[in-house]
Amino acid sequence: MKSLEVTLRELRDSGRKALVPYFMAGVTPDWTQHVAAAVLGGADAIEIGIPFSDPMMDGIVIQRAAERSLEAGTTLDSICAQLSARDLGAPLIAMTYYNLFHHYGLRRAAGLLAQGGVVGAIVPDLTLEESDEWREVCDETDIATIFLVAPSTTEDRFARLAQATQGFCYASARMAVTGRAQGAGDATRVVEAVRATSDVPTYVGIGITSPQQAREATEHSDGVIVGSALVETILKGASPADTEAFIRTFRSVIDE
Amino acid sequence: MKSLEVTLRELRDSGRKALVPYFMAGVTPDWTQHVAAAVLGGADAIEIGIPFSDPMMDGIVIQRAAERSLEAGTTLDSICAQLSARDLGAPLIAMTYYNLFHHYGLRRAAGLLAQGGVVGAIVPDLTLEESDEWREVCDETDIATIFLVAPSTTEDRFARLAQATQGFCYASARMAVTGRAQGAGDATRVVEAVRATSDVPTYVGIGITSPQQAREATEHSDGVIVGSALVETILKGASPADTEAFIRTFRSVIDE
Amino acid sequence: MSQNPVYMGAPSSTGRFGDFGGRFVPEALMPACLELEAAFIDAWSDPVFIDEYRSVLQEFGGRPTPVTYLGRFSKLFGVEVFAKREDLAHTGSHKINNVVGQTLLTRRMGKTRVIAETGAGQHGVATATAAARLGLECTVFMGELDTQRQVLNVFRMELLGSKVVAVTSGSRTLKDAVNEAMREWVSCVQDTHYCLGSVMGPHPFPWMVREFQSIIGQEAEEQLRLRGVGVPDMVVACVGGGSNAAGIFAGFANSSARLVGVEAAGGAAVTNGSPGILHGMKSMLIQSEHGQIEEAHSISAGLDYPGIGPEHAYLAASGRAEYVSIGDEDVLVALQTLSELEGIIPALESAHAVAWIMQEAGLAIPRGSTVLLNLSGRGDKDVAQVRDILRGRE
Amino acid sequence: MSQNPVYMGAPSSTGRFGDFGGRFVPEALMPACLELEAAFIDAWSDPVFIDEYRSVLQEFGGRPTPVTYLGRFSKLFGVEVFAKREDLAHTGSHKINNVVGQTLLTRRMGKTRVIAETGAGQHGVATATAAARLGLECTVFMGELDTQRQVLNVFRMELLGSKVVAVTSGSRTLKDAVNEAMREWVSCVQDTHYCLGSVMGPHPFPWMVREFQSIIGQEAEEQLRLRGVGVPDMVVACVGGGSNAAGIFAGFANSSARLVGVEAAGGAAVTNGSPGILHGMKSMLIQSEHGQIEEAHSISAGLDYPGIGPEHAYLAASGRAEYVSIGDEDVLVALQTLSELEGIIPALESAHAVAWIMQEAGLAIPRGSTVLLNLSGRGDKDVAQVRDILRGRE
Ligand SMILES: Cc1ncc(COP(=O)(O)O)c(C=O)c1O
Ligand SMILES: Cc1ncc(COP(=O)(O)O)c(C=O)c1O
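From first to last, the protein sequence lines are chains A, B, C and D.
If you read the first sequence in my numbering, its first letter stands for residue 14, the second for the next number, and so on.
If you read the second sequence in my numbering, its first letter stands for residue 14, the second for the next number, and so on.
If you read the third sequence in my numbering, its first letter stands for residue 16, the second for the next number, and so on.
If you read the fourth sequence in my numbering, its first letter stands for residue 16, the second for the next number, and so on.
The hints are simulated quantities; they were obtained by calculation from the structure and are not laboratory data.
Among these hints, one or two may not hold up.
Cβ-Cβ distance ranges computed for the label pairs, FRET-style [unchecked claim]: (1) C/ASP206 - B/SER91: 38 to 46 Å; (2) B/SER223 - D/ARG406: 49 to 57 Å; (3) C/THR286 - D/ILE65: 43 to 51 Å; (4) D/THR29 - A/VAL19: 51 to 59 Å; (5) A/ALA172 - D/GLY150: 34 to 42 Å; (6) B/GLU84 - C/VAL244: 47 to 55 Å; (7) D/VAL63 - A/GLU205: 52 to 60 Å; (8) C/THR286 - B/GLY28: 54 to 62 Å; (9) B/ASP145 - C/VAL63: 33 to 41 Å; (10) C/ASP206 - D/GLY93: 51 to 59 Å.
Everything numeric in this text was worked out from a predicted model, so none of it was measured.
Glycine included, each C-beta is placed from N, C-alpha and C at the ideal position.
Throw the hints in and build the complete structure from the sequences for me.
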C-alpha cells in the first residue's frame with residue numbers, strides 16, 4: 014500500500030474528514046506559500062495542478078490559472094524543483110493531463126514528481142484501460158495512482174476503478190468539469206457505489222464551493238476536494254493569509 | 014415611292030452628298046432649335062432620336078442623352094407634339110427602338126409620327142424578318158422604313174435589305190454601336206455591297222466624328238450620318254448657334 | 016377530333032412561341048444569330064455533341080442532381096414536397112447546365128471567346144467556370160451597382176480568369192448588363208459567342224437555353240417515376256428570366272402536372288407586365304405607360320429582371336402554366352423555414368418557390384398533393400445579405 | 016511465407032492503430048464512448064442502417080460525387096490528374112458524409128441532441144445541416160477568434176437552427192473548441208452525442224469517422240475502374256485531422272497506389288510533431304519541449320490543427336502512407352491555378368493537395384503518373400479571405 018493511502022486511511026480511522034484543496038502550481042510566484050498556508054489552515058493533503066495547455070476536464074477558472082502559469086514559464090521541472098526545495102507539511106498529489114507525463118517519458122516524469130515529494134497523481138484523461146504503463150512506473154516509486162468515478166460510471170466500472178485506485182477514490186459529484194456546477198449533486202450515490210465494492214477512502218470533488226457544501230458532502234464521504242472556488246480567490250489576488258483563512262473556514266464548518 | 018426617297022434621290026441626282034445629323038429629342042428644352050440650326054447649317058435631313066430606356070444599339074453618349082431626355086419627361090407624344098408645332102425645314106427621320114411603337118400600338122405610333130411631320134423611321138432592333146407589320150402600317154402613311162446593313166451582313170441579306178429599305182440604306186461603317194469607334198471602317202465594302210443590288214441612296218453612319226471622316230465616307234457613298242459627335246457637344250452645353258457652326262463645318266469639308 | 020397542343024417543342028422557324036419570341040436585334044447581329052441557330056440545330060442533333068454535353072455535366076457539373084423528399088417540411092405543410100437539387104450542381108445553381116452547353120457550342124463554332132451578362136453573379140461565375148475549363152477567353156458584363164453589391168462574385172470570376180466589366184449606364188443593374196453585352200457582341204461577333212444566361216434574348220436563345228436546361232426536368236421526371244411517385248400534381252419553380260423553370264417544366268410539359276412559375280412581386284412580368292420588345296425578344300415586360308422598361312425590384316438579384324422568357328409568356332397566355340408572385344418578406348421566412356426544417360439553405364430566388372408552397376398549401380395546393388419544387392440554387396451567395404437584413408431589424 | 020499487413024481495417028479492441036489511438040478521456044465520458052462503440056458496431060453491421068446512411072447521402076447529400084479529369088491541368092504539369100469532387104457534396108465538402116452517419120447514429124441511440132466543434136465552420140455547418148434534417152437539437156462550439164473571422168458561417172449555423180457558442184479559452188480556435196465540446200459533453204452525455212468532425216478523438220471516433228468517410232474512396236475506386244484508369248499511381252489528399260484523406264485512402268489502402276497526405280506547413284503533425292496525447296487519442300502532435308500543445312498556423316482554417324488522426328500516425332509510422340507539407344504561398348498559387356485552368360475553385364485546404372502535385376510533378380510524381388486528387392471542398396468559403404490577401408499585396 015502506498016504511503017498516501019496509509020496516511021489517508023489513518024486519517025479516516027481517526028474520525029477526521031479530509032479536506033484537500035487544489036492549487037495551480039506556478040500561477041503566482043508565491044504559490045507554494047499558499048500551499049503552506051492551506052496546511053496551516055487545516056488541509057490534510059494538497060492537490061498540485063500542473064498546468065497543461067489543453068485541460069479537457071477543467072472549467073474556466075482552472076483554465077485561466079493554467080494559462081497564467083504557463084505564460085509565467087512554468088514547466089513540470091520547475092514545479093518539481095520548487096516542491097523539492099521545501100517540505101510543505103502535507104501529502105502532495107499531482108493533478109495534470111497525461112500528455113505531460115508521456116512527453117517527459119513516464120519514468121522520468123515519475124522520478125521528477127517523487128523528487129518533489131509528490132506521493133500521488135490524478136490524471137483525469139488517463140482511463141483505467143490505458144493506465145497499465147503508468148501504474149507500473151508509479152509502482153517503482155511511492156506515487157499512488159488515483160482514479161475518478163463519476164455519476165455516469167457503470168456498475169462494473171465502479172468495482173474495477175475502486176479496486177485500482179490508490180490513496181483514495183475521487184468521486185465526481187456531478188457530470189461536469191471543474192468549476193462548472195455547484196453542490197453535492199449525485200455524490201451520495203457515487204460514494205455508495207464505491208463503498209459497495211471497496212473500503213478505500215472516498216472523497217467528493219467537482220462542485221464544492223462553500224463550506225456548507227463541503228460539510229454536506231462529508232456527511233456521506235471521507236473527505237472533499239475544493240478546487241475552483243479556491244483558485245478563483247488566488248486569481249483575484251488573495252494572499253497566503255487569505256488562503257489560510259479560506260481553508261480554516263472550511264475546516265471549521267466541516268468539523269462542526 | 015415614299016416622299017423621303019424621292020427627296021433623297023433628287024438630292025443625289027443633284028450631285029450633293031447628304032449630311033444627316035442625329036438629335037436626341039427632348040435632351041434639352043431647346044432641342045428643336047438645334048434641329049432648325051442644323052438645317053440652317055446645311056443638313057439635308059434630320060434623324061430624331063426618340064429616347065428609349067434600353068438603347069441596345071447606342072453607345073454611351075446617346076445613352077446619356079436618352080437618360081437625360083427621359084428624366085425630363087419626354088414621351089413619344091410630347092416629341093410629336095413639339096415637332097408638329099413647327100416646320101423644321103428638312104425631312105425628319107425618327108430613330109428609336111421597336112418597343113415604343115409596339116407599346117403605343119403601331120398604327121397609333123405611326124399616326125403620331127406622321128402628325129409630327131416625320132417621313133422616315135429607323136428602328137435598329139426591328140429586323141427585316143420581323144418588320145412586315147410595321148411596314149404595312151407605315152405604308153398607310155408616308156413614313157419610309159429605313160433598314161441598316163452592317164459589315165457582318167451576308168450577301169443574300171444585302172440584297173433583301175437593300176430592296177426593302179425606303180428613303181435610303183443605312184450602311185454601318187463598323188461592327189460597333191453608335192459612338193464607339195471612329196473612322197469609315199468597312200464602309201466602302203458595305204456600300205458597294207448595297208449598290209451591287211440596288212440603286213437606293215446609301216449613307217454611311219456609325220463612327221463619323223470629324224468633317225474629314227465624313228468627307229472620306231462620302232467619297233464612296235451618298236451621304237453620312239453624324240450622331241454621337243454632335244450629341245456630345247449638346248450634352249456639354251452647345252447652343253443652337255454652336256450646332257449650326259458644327260454642321261456648317263461638316264458641310265463645307267464634305268463639299269470641298 | 017380535337018388534338019391537344021404539344022407544349023415545349025421547337026419554336027416556329029422565326030423563333031416564335033405563339034405570339035412571343037422572335038428576333039429583334041441590330042442587323043449587325045443577325046448573321047450571328049442565324050449562325051448560332053444553325054450551329055445549335057446541327058449540334059443538338061449530333062449524338063457526339065449531346066454525349067459530350069451530358070458527360071461534361073456529369074463528370075464536371077455534378078449531374079444528375081438528386082431529388083430530395085422534404086420530410087419535415089411536407090409534414091408541417093400537409094403536402095408532399097420533393098426538391099430537385101440544383102443547389103448541388105457545380106457553381107451552386109442550374110446555371111451550369113446552360114453554360115456547359117453554350118461553351119461547347121462556342122468551341123464547335125470555332126469561336127475562342129465568350130461574353131456574358133450577370134446580375135448577382137451566378138451566371139457570370141458559371142460562364143467563367145465553363146470558359147476556364149475549355150480555355151476560352153471570357154468577359155462578363157455586370158451593372159456597376161451589382162459589382163459593388165457582389166464584390167466576392169466579381170473576385171470569383173477574376174479568379175477563374177475572366178474579365179469583369181462594370182456597366183455604368185441606365186440603372187446599372189442586370190437589364191443594363193444585357194444591353195451592354197449586346198453592344199459588345201456587335202463589335203466582336205466574329206470570334207465571340209454571347210453566352211446568354213436565361214431563356215430570353217433573340218431566337219435561338221430562348222429555345223436553346225431551355226433545351227440545355229431541360230435536363231433538369233428529364234432527370235426529375237425519371238427520378239420521381241423510378242421512386243414510384245410518378246407524375247407530381249404540381250411543378251413549382253421560381254422565374255427570373257425563366258431558365259430553371261423552363262428546364263423543369265420541360266420534363267412535364269405534356270403531362271397532367273400543373274406548372275407554376277413564381278416571380279418576384281417586384282418583377283412580376285406576367286402578372287404586372289404587358290407585351291413588349293426587349294433584349295431581342297417579344298415577351299411580357301414591366302413597362303411604363305409610355306413604353307419605357309421599368310426597373311424590377313426584388314430581394315433576390317436573380318429575379319430582378321423586368322421581363323420573362325418568351326416561352327413563359329406563351330405558356331401563360333395559353334393557360335398551360337400559371338404564374339404567381341411572392342414578396343420579399345415571405346421569401347425571407349421561407350428561406351429560414353427550409354433551412355431549419357430540412358438543412359438546406361436555398362437561394363433567395365429558389366425561396367420564392369418555397370414561399371409560394373408555404374402560402375398555398377391546403378389552398379391552391381390541395382392537401383396531400385405531390386409537389387415537385389425546383390431548388391434552383393444554394394443560398395450561400397445570399398447569407399451575407401440575409402444576415403444584414405435580419406440583423407438590421409433586431 | 017510473409018504476409019502483407021492489411022491496412023485500414025478495424026482497430027484493436029482498445030481502439031489502437033499500431034501504437035496510436037486508444038481512449039484518453041475523463042471517466043465521466045467512458046460509458047458514452049463505450050455505448051457509442053457498441054452502437055456503431057451494431058449499426059455498421061445492420062443493413063437497414065447502412066441503407067439509410069447511403070440513401071441519405073445520395074438523396075440529400077448529393078452522392079456519388081463525380082471524378083473529374085483535369086485536362087488542362089494535367090497537360091500543363093505532365094501528370095494525369097483525376098479529382099474526386101467532394102466540393103460538390105451538400106454543404107460544400109466531404110464533411111457531410113460523416114455527419115449524416117453520426118446524426119443517424121444519434122437518433123438510433125435515442126439521443127435528441129448533438130454538439131460539435133468547428134474551426135472555420137465547415138463541420139459546424141455540416142452538423143447543423145444534418146441535425147436540422149432529423150430535427151435534432153444542435154450546439155456548435157467555435158473558438159471566439161473563429162466566430163469573428165467566420166461570421167457568415169456562424170450565421171449559416173444559426174439559420175439552420177443551431178446554437179453557436181464562442182469559446183473564449185486558450186487560443187480561442189479549433190483546438191479549444193474541441194476541449195470545450197468535450198467539457199460540454201461531460202455534462203450532457205445522457206441525451207447528447209458529440210459529433211466529432213474528423214478521424215480524431217477517443218475510440219471509436221477515429222475508426223467510425225473513417226468508416227463514414229470511406230465512401231469517398233469506395234466510389235473513387237469504382238469510378239476509376241469503370242473508366243478504365245484502374246488503380247491510380249498515387250492518391251493525394253490534404254490532412255487536417257485527416258478525415259477526407261482517410262476516406263479516400265480507404266479505397267486504396269491495400270492497393271498498389273502510393274498514398275500521400277498533405278499537411279499545412281504550420282500544422283505538420285507528422286513532419287514536425289512527436290507522439291503525444293490530446294483530445295482523447297494518442298497520435299502525432301505539435302508540442303513544445305515541455306509537452307504543451309502548440310497552436311497550428313495555416314492559411315486554411317481547416318488544417319489549423321496541431322494533431323492528426325491516429326490512424327494516419329500509424330500509416331506514417333508503418334510507411335504505408337507518406338506525409339508532406341505545403342506552405343501558405345504555394346497554396347494561394349495552387350488555388351488560382353486550378354481555378355483558371357479547370358473552372359474549379361478549391362477550398363484552401365484542398366489547394367494544399369493541388370499545390371503538392373504542382374510542386375512534385377515530374378519529381379516525386381513521375382511524369383505521366385495517374386494521380387487521384389481528393390478535392391475535399393469548394394473554395395467559396397475562402398474567396399473573401401483570398402481576396403483580402405491578394406488585394407493587400409497590390
Ligand atoms: C439560383 C437562381 N435561381 C433562379 C435564377 C433566375 O434565373 P432563371 O429564371 O433563368 O432560372 C437565378 C439567376 O441568377 C439564380 O441564380
Ligand atoms: C474542405 C476541407 N478539407 C479538409 C479539411 C480538413 O479536415 P480533414 O483532414 O478531417 O479532412 C476541412 C476541415 O474543415 C475542410 O473543410
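Going down the list of hints, with the structure as the test:
Distance hint for C/ASP206 and B/SER91: a CB-CB separation of about 43 Å, consistent with the stated range 38 to 46 Å. In this structure, B/SER223 and D/ARG406 break the distance hint of 49 to 57 Å, their C-beta atoms being roughly 42 Å apart. A C-beta distance of roughly 49 Å is found between C/THR286 and D/ILE65, which places it inside the suggested range of 43 to 51 Å. Distance hint check for D/THR29 and A/VAL19: the Cβ-Cβ separation is about 33 Å, which falls outside the suggested range of 51 to 59 Å.
The hint said 34 to 42 Å for the Cβ distance between A/ALA172 and D/GLY150, and at roughly 39 Å that hint holds. Between B/GLU84 and C/VAL244 the beta carbon distance is about 54 Å. The supplied range of 47 to 55 Å therefore holds. Distance hint check: the CB atoms of D/VAL63 and A/GLU205 are about 41 Å apart, inconsistent with the given range 52 to 60 Å. For C/THR286 and B/GLY28, the Cβ-Cβ distance of about 59 Å falls inside the hinted range of 54 to 62 Å, so the restraint holds.
For the hinted restraint 33 to 41 Å between B/ASP145 and C/VAL63, the CB-CB distance of approximately 39 Å keeps it satisfied. Separation of C/ASP206 from D/GLY93 is about 30 Å and departs from the stated range, judged on CB atoms against 51 to 59 Å.
Consistency with the previously given hints fails for numbers 2, 4, 7, 10, ordered from lowest to highest.
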